[in-house]
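Just so you know, we're using the working numbering here: the sequence shown kicks off at 3 and counts up by one.
It should be emphasised that the hints constitute simulated quantities derived from the structure, not laboratory data. Ideal placement from N, C-alpha and C gives every residue a C-beta, glycine not left out. Be a bit skeptical, because a hint or two may be false.
Label pairs and their calculated CB-CB ranges [to be verified]:
id, residue 1, residue 2, range
1, Ala-9, Pro-31, 15 to 25 Å
2, Ser-5, Asp-26, 26 to 36 Å
3, Gly-43, Ala-16, 30 to 40 Å
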Amino acid sequence: MDSFLGAMEAILVAFQQSYADAGDDVPAPDWLFIADILRAGRLYE
Numbered sequence: 003m004d005s006f007l008g009a010m011e012a013i014l015v016a017f018q019q020s021y022a023d024a025g026d027d028v029p030a031p032d033w034l035f036i037a038d039i040l041r042a043g044r045l046y047e
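Whenever a hint applies, use it, and build me the whole structure from the sequences.
Printed below as a string of C-alpha cells:
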C-alpha cells in the first residue's frame with residue numbers, strides 16, 4: 003500500500019509542478035490538495 007500511495011503522491015506532485023510552471027494563467031484544480039495531504043501524512047509516519 004505504501005508504494006501505491008508513493009506513486010499517487012509522485013503523480014500529484016508532478017501535476018502541481020506543471021500547474022506551478024504554467025503560472026497564474028492556469029489555476030490548479032481544487033483536488034490537487036490531495037498531494038499536500040499525502041505529503042503531510044508521510045511526514046508523520
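Here's how the hints hold up against the structure:
no., hint, in the structure
1, Ala-9 with Pro-31: 15 to 25 Å, "holds, 19 Å"
2, Ser-5 with Asp-26: 26 to 36 Å, "holds, 35 Å"
3, Gly-43 with Ala-16: 30 to 40 Å, "violated, 18 Å"
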